[in-house]
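Trainee: Now for the letters of each chain:
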Amino acid sequence: GAVVSQHPSRVICKSGTSVKIECRSLDFQATTMFWYRQFPKQSLMLMATSNEGSKATYEQGVEKDKFLINHASLTLSTLTVTSAHPEDSSFYICSAWTSGVTDTQYFGPGTRLTVL
Amino acid sequence: KQEVTQIPAALSVPEGENLVLNCSFTDSAIYNLQWFRQDPGKGLTSLLLIQSSQREQTSGRLNASLDKSSGRSTLYIAASQPGDSATYLCAVGSSNTGKLIFGQGTTLQVKP
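Residue numbers (the working numbering), protein chains in the order written: chain R, 1 to 116; chain P, 1 to 112.
Check each hint, because a few of them may be wrong.
Stated by the list, open to error - Derived CB-CB ranges, DEER-like:
| # | chain 1 | residue 1 | chain 2 | residue 2 | range |
| --- | --- | --- | --- | --- | --- |
| 1 | P | A79 | R | S18 | 41 to 51 Å |
| 2 | R | K55 | P | Q109 | 34 to 44 Å |
| 3 | P | R61 | R | L26 | 22 to 32 Å |
| 4 | P | D67 | R | K20 | 38 to 48 Å |
| 5 | P | E17 | R | E52 | 30 to 40 Å |
Unchecked claim - The list that follows gives simulated cross-link-like pairs (lysine to aspartate or glutamate, DMTMM-like), each with its CA atoms no further than 25 Å apart:
| # | chain 1 | residue 1 | chain 2 | residue 2 |
| --- | --- | --- | --- | --- |
| 6 | P | K1 | R | D103 |
| 7 | R | K41 | R | E63 |
| 8 | P | K1 | R | D27 |
Derived by calculation from the structure, the hints in this document are not laboratory data. No experiment lies behind these values; they were computed from the predicted model shown. Note that beta-carbon positions come from the ideal geometry of N, C-alpha and C, so glycine has one too.
Required output: the full structure, derived from the provided sequences and hints.
Mentor: Printed below as a string of structure tokens:
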């Protein structure tokens, strides 16, 4: 199957700093990338849908000014958590998908964010 | 609004047992349904994808069924092994946009 990477895998930062997470599709071009967050022992919650070359679509309740998403190419999307606070500590997972090619989404390994 | 529920939340079985994980969804107008596996602290691995027109899919010891009219899907695992221990997530796609709505997952422990 297709491979999706995320970087970094783990990050610890101080409250108030910004953190950028990269999501790359390594061996295919993804028209769409999805960003999820997962709290301990909970399921994945979709945060936003990112289409290459256009603005991301955010789910209800997700602050677009806090979670900046950029999808500059068909293989790279970035999520920047701006002015992170302890409540933003979570597991962030991206997935990549290509419309009309496959219905399967390919997930990255996730990024563990801890805000002190 | 689509809601996906998985029962049970946790399951512990001895090695070798056959088991069934359940997933229910509130809106039967789905595009597809997928089962994923998640190991602790890791991303998701796709196990099976069932299109809305299909009734079941099989892969090795795994069999997933779909009954849209009743809003249910089951994941059957035959001859369970300790390596099957993980959290299993059911996700419903409601359109061809790729968006998925996830259930809470069932955490499976297979004891040797």
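Trainee: Holds or violated: the 22 to 32 Å window for the beta-carbon distance between P/R61 and R/L26?
Mentor: holds (29 Å)
Trainee: Taking 41 to 51 Å as the stated bounds, is the beta-carbon spacing between P/A79 and R/S18 within them?
Mentor: holds (49 Å)
Trainee: Between R/K55 and P/Q109, does the C-beta distance stay in 34 to 44 Å?
Mentor: holds (43 Å)
Trainee: CB of P/E17 to CB of R/E52, is that within 30 to 40 Å?
Mentor: Roughly 45 Å apart at Cβ, these two residues miss the hinted range, so it is violated.
Trainee: Using the Cβ atoms, figure out if P/D67 sits within 38 to 48 Å of R/K20.
Mentor: holds (43 Å)
Trainee: For P/K1 and R/D103, compute the direct alpha-carbon distance and say whether it is at most 25 Å.
Mentor: With a Cα-Cα distance of about 21 Å, the restraint between P/K1 and R/D103 holds, given a limit of 25 Å.
Trainee: Given the proposed pairing of P/K1 with R/D27, does the C-alpha separation stay at or below 25 Å?
Mentor: Violated - the C-alpha atoms of R/D27 and P/K1 are around 35 Å apart, more than 25 Å.
Trainee: Could you grab the alpha-carbon distance between R/K41 and R/E63 and see if it respects the 25 Å cut-off?
Mentor: Satisfied, since the Cα-Cα distance of roughly 23 Å is no more than 25 Å.
Figure legend: structure checked against the earlier numbered hints; hints not met, in rising order: 5, 8.
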